[in-house]
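**Q** Protein chains in written order, with our numbering: chain A, 1 to 539; chain B, 1 to 80.
No lab work stands behind these hints: they were computed from the structure. You may find that some hints are simply not true.
[Unchecked claim] Straight-line Cα separation of at most 25 Å, BS3-like style, residue types lysine-lysine; simulated pairs: (1) 63/A - 52/A; (2) 67/B - 111/A; (3) 402/A - 188/A; (4) 265/A - 188/A; (5) 11/B - 49/B; (6) 114/A - 67/B.
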Amino acid sequence: MITDNKIADELIIFGSGYLLSDFLDFCNLDKTDRKIIFLGDPYQVSYGRSDKSAICWEFMKLKFGNRIEQAILNDNPTFSEITTNALVCVEALRNERYNNLNFHQSRRFRKMDKESVLAELNETKSFSPDTMILTYSNEQAYDWNLRIKEIVIPGAQEPAEGDIIVFFNTARGVSPSDKSFSRYIQNKQFAMIRKTDCSKTREFQVEFKKHNFKIVIKEITINLFGCSEDLTVRYLDSYFQRTKGFKDIEEMKAIQKLKMIELGKFRTANPFISSPELIELCSNDEYNKLSVKYPEITARSLKSNRKIKTSSGEEQQLVDMVKNARSQYLERTKSLLENDMDSTYSILANLALIKYGWALTVHKAIPEKWPQVYVIANRRQGKNNRAYFSWVYSGISRGTDKVTLVDFQAINPYMNASISGPKQGTRLLDLFMSVPEENLNYVPELLLQRLRSVFADMGITIEHIKSSQYQERFRFILDDNFVDASFNYNGNGLISYPIYTKFKGEEFKQMINALIHAPNSLGKKSWLFLIGERKNTHR
Amino acid sequence: MIQEMTREGIKLTAIISNNWKDTLVLTGTAGRLVVEFHYDRRNTFTSIKAISCSDEEIWTKLKEYIKGDPEDVSGHENSI
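Isolated chain A (complex conformation) (with noise of 0.2 Å):
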């Protein structure tokens, strides 16, 4: 998927950084008649963002206008099991509802916890090529190679014959029987080691921004899937090792400033001034004529590459001349050593990023397919949202003919919620009204109602004393006996048990605070079927 994405390290900036736009100015499309139609899938994970992806319809028309078309391709559902079930995902991203994901279980889509898939891989004792592990992070994916690679060769740690392994970056492989014969190995190109050799291990030691690094790099026999020969690679120990999915920069820019040291000795050995460039710029005429007229110029051009003051023409292009036989030379000497396929500079141009190629991050496995693939879902962060969501469905759209998802976890509404029950003692009053917030005052009429059509028939008197903020007291009379009751309620017209400020006569007490609590028990009318009547007529 291509994106606008700025690209600013130094390591792999290519053209401007924007890759959109060099494509496009590449193309030239103003020139010509020519169309290009971008194809891809915006619910699927993207490398770059996914609002300067060349598929992002807002993004594009705002670049070109109405230069632009967009077709959209429907859903086919009935494709596979599988199709079926990533299109759950799908159709959680198109409404952008992510509370809600499952999905049904058949032959060829199945869920399973990691201790059974292990068991099951554990079986077969072997792992097919045509099997992927997909993981979220990088360092499961470290985690789940390791496993794999101890159901294949159990106690092995080192790489050795029959593993496989991928590569991460652009390598050079040479023929192990004919050394003029190599071939280039693209990124995510996936092998399987022929043979390891651990005589050819070499070590170097170079200092970058006062830290010493230790450069190890193996040597190992593959034979690239697709493809007939073996190749011999050399690949970076340090990046084998790393859990992290990118490569230390540090170390990247340690290796470069060693390849440097490496053609710096070889262009001390092999100067510009004894150079077969310099020897046939000294069989031009105009050369000789020029440098016996200004030797002071000629002598200063040919000792370094530096920029040179001139003061006419013909000393400009006496430092031209000497300055194309030079550049000669250094691309010379370059391809010279790049191709000596055992000089420490072409191993270091040449050096391969590989891991091994059981399990993948789905970031990784983007553009493949494979026929069956296991996809880790236990992914610590939240699963409530888009990130989570197109992961799902890139992960399980890899797979072509069966689908495993390990330790799924089915999101629904309720799967991050604390239940917690009525609390003792702080009990709300089991009655319910339904008053608007505005009509909170109505709150004190109720309440005085409901309480006399309970203790009206008793004899017992009751007397609205004060009315603050939530909060609403009663006096229950009877004879001598009193009691204050302190009623508090909230916004939502949902009222507590009271509380008890002062009282004369303990039975009496207990009494109001028995019919407060079970009014039902004296044969009355539930509070809630009149608060019922009372909350339609304020609707």
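Keeping the supplied structure of chain A fixed, place chain B upon it in accordance with the hints.
**A** What follows is chain B alone, placed relative to chain A:
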């Protein structure tokens, strides 16, 4: 979920909707349950609190539906 519970004789008798909170009254044959559902902007419930309960059976049933097998939970709207 509420529709399922209605089949078992529990009725939804009142709702108050506030910001990120719905208060429901569920009435059964033996009593009532006042329960608050708090939810967030992602339409997932953050907490479910029983405020008052005069019939433990309704609360038990509600908890069963909430905690029950997630395979059976499907298609909830944010406001029940």
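**Q** Does each hint fit the structure? Answer for all of them.
**A** Structure-based check of all given hints:
1. 63/A - 52/A: holds (10 Å)
2. 67/B - 111/A: Distance ~20 Å between residue 67/B and residue 111/A Cα, so the pair holds.
3. 402/A - 188/A: holds (22 Å)
4. 265/A - 188/A: violated (34 Å)
5. 11/B - 49/B: holds (18 Å)
6. 114/A - 67/B: The given pair, whose Cα atoms are some 23 Å apart, holds under the 25 Å limit.
The structure fails to meet hint 4 from the earlier list, while all remaining hints are met.
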